[in-house]
Each structure stands twice: as C-alpha cells, then as structure tokens.
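Visitor: Residue numbers (my numbering), protein chains in the order written: chain S, 8 to 121; chain R, 15 to 129.
Possibly wrong hints are sitting among the right ones.
[Unchecked claim] Simulated crosslink set (DSBU-like; lysine-lysine; CA at most 35 Å straight-line):
hint, chain 1, residue 1, chain 2, residue 2
1, S, K18, R, K55
2, S, K21, R, K51
3, S, K64, R, K51
4, S, K18, R, K17
5, R, K126, S, K18
6, S, K64, R, K70
7, R, K51, S, K18
8, R, K81, S, K64
9, R, K17, R, K71
10, S, K78, R, K17
11, S, K18, R, K54
12, S, K64, R, K71
13, R, K82, R, K70
14, R, K82, S, K21
15, S, K64, S, K18
16, R, K17, R, K54
17, R, K51, R, K82
18, S, K21, R, K70
19, R, K17, R, K70
20, R, K54, S, K78
21, R, K17, S, K21
22, R, K54, S, K64
23, S, K78, R, K55
24, R, K51, S, K78
25, R, K55, R, K81
26, R, K17, S, K64
27, R, K55, S, K64
28, S, K21, R, K71
29, R, K17, R, K55
30, R, K126, R, K17
Treat the hints as calculated values from the structure; they're not laboratory data.
Spelled out from the first residue to the last, the chains are:
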Amino acid sequence: DTGVSQDPRHKITKRGQNVTFRCDPISEHNRLYWYRQTLGQGPEFLTYFQNEAQLEKSRLLSDRFSAERPKGSFSTLEIQRTEQGDSAMYLCASSLGRGENEQFFGPGTRLTVL
Amino acid sequence: EDKVVQSPLSLVVHEGDTVTLNCSYEVTNFRSLLWYKQEKKAPTFLFMLTSSGIEKKSGRLSSILDKKELFSILNITATQTGDSAIYLCAVEESRGGPGTYKYIFGTGTRLKVLA
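Turn these sequences into a full structure, and let the hints guide you.
Guide: Laid out in structure tokens, this is it:
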C-alpha cells in the first residue's frame, strides 16, 4: 500500500503520560500536515512541514506538542503531559507540493486520555 | 478571522434524491478549495477547485466554485445509501512566505441517504 500510513491506530494513555505518533507520507510527497479532529468537527490544522522544515504551527498547538520531520520523510508528533482534552483523532496528510496540491490523508491515530 | 462555513449541518434524503451542499469562506489569501468525503475513517479527496465557474465532475458528483461570491457547492445526483458520509470543505490559504500554505476546514455536512 503506497498511501499515507500512521502508527499506532489507537492509543489509550493515562493523564500526564507522554505519547508519540508516527506518520509515513506518500513517498514522493514533500509536504506533510498534522490535524486534530474531534467528534462533530472538521479537522483542525496543527502544523505543516515542507520537506524537513516546519513552516507553520497553529496557535492551537501548546508547548506540550512538538512535531519533527528529521529527514523530510516520516514525521512524529509528540504530546507531553497529556490531558483529557487531548483526546481526539490525530490525522496526518501529505501532498506533492506542486501543481494541484491535493492532500491525501492517513487513517489517523485515535488518542484516548483517561 | 479566516473561516469556512458549511451548510446544512446535516441532511437526510431518500435514495434517488439530488442534494446540494454549500461551502462559503472568508480567507485572506485564497488559493484553492477542496471537497472531501469522510466515512468512518480519514477524509478521502473528491475535488480541488481553483477557478471560478469551471465545473468538476466525477460520476454522480459535481462541484463548482464562485470566487466572487466566495462559495462552492457540491452536488450529488441520484443519491445512494453509500453516499452517506460527512462531506468536508477545506480552503487552502497562502500564508505569504515561500511554500507556506494552510488548510482551513469547515465542520462538515452530515448526509444520510435512506433506502
């Protein structure tokens, strides 16, 4: 399968723990996006990479959130000291970065913070 | 503040009906508008629109953009139960710097098609 993949698909953690999610974009895509989606809402933009450079970061992203894309391929999103309000679906998407810039989404990581 | 507003929020129709979903937007530096279908998992891409008045069509689905009035519609004809999903509209906004773009999503329209 050459689509966007995310790991893990589900994560249950206790409040205060740190969690890390991974996203592998489509191989030739140089843009990678992270979103958060809660029930009844559309995806909320969190951050965006062009290759390894993090170009945009939403003000929704508190200091507890950090994302990296060290070699311009896969990306990780870490949440430190999780809170119950962090419970959501975390979606990753990638796009080619030229021409028609369609985003292709991964299956998401569903985080539940107890 | 930039925003994307979809209407209606939810819609229930019978198989065979035609539906029109609306998306209006207010963004500073519009670049494109995208429609997605979301069932139980991640959104799947339907259309990308960049030019006014040019209809994009895929089977029973079609979409058009009006950049003067700042809205788009998504039409589904002869609906089927498999069309039941949340339909999301997103606007791609240029952030000014080289290669800097951001997508703003609406809350979606939840469509249910009854047999």
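Visitor: Is R:K55 within 35 Å of R:K81, Cα to Cα?
Guide: Cα-Cα ~30 Å, so holds.
Visitor: Under the criterion that the straight-line Cα-Cα distance not exceed 35 Å, is the pair R:K51, S:K78 satisfied?
Guide: Roughly 31 Å between the alpha carbons, so the hint for R:K51 and S:K78 holds.
Visitor: Keeping to a limit of 35 Å between CA atoms, is the pair of R:K17 and S:K21 held or broken?
Guide: Judged against 35 Å, a Cα distance of about 34 Å means the pair holds.
Visitor: Is it true that the CA of R:K54 sits at most 35 Å from the CA of S:K64?
Guide: 27 Å, holds
Visitor: Decide if the proposed pair is consistent with the structure: R:K17 and R:K71, CA atoms, cutoff 35 Å inclusive.
Guide: OK: R:K17 and R:K71 at ~26 Å, within 35 Å.
Visitor: Given the hinted pair R:K126 and R:K17, is their Cα-Cα distance within 35 Å?
Guide: 25 Å, holds
Visitor: Within a Cα-Cα threshold of 35 Å, do R:K82 and R:K70 meet the stated pairing?
Guide: 18 Å, holds
Visitor: So if I understand the rule, the pair passes when the alpha-carbon distance is 35 Å or less; does R:K51 with R:K82 pass?
Guide: 25 Å, holds
Visitor: Are R:K55 and S:K64 close enough, with their CA atoms no more than 35 Å apart?
Guide: 24 Å, holds
Visitor: Decide if the proposed pair is consistent with the structure: R:K17 and R:K54, CA atoms, cutoff 35 Å inclusive.
Guide: Distance of about 25 Å is within 35 Å: holds.
Visitor: Given the hint that S:K64 pairs with R:K71, test it: the Cα-Cα distance must not exceed 35 Å.
Guide: The given pair, whose Cα atoms are some 34 Å apart, holds under the 35 Å limit.
Visitor: Next pair to validate is R:K17 with R:K70; report whether the Cα-Cα distance is within 35 Å.
Guide: 23 Å, holds
The structure shown violates the earlier hints numbered 14, 18, 28.
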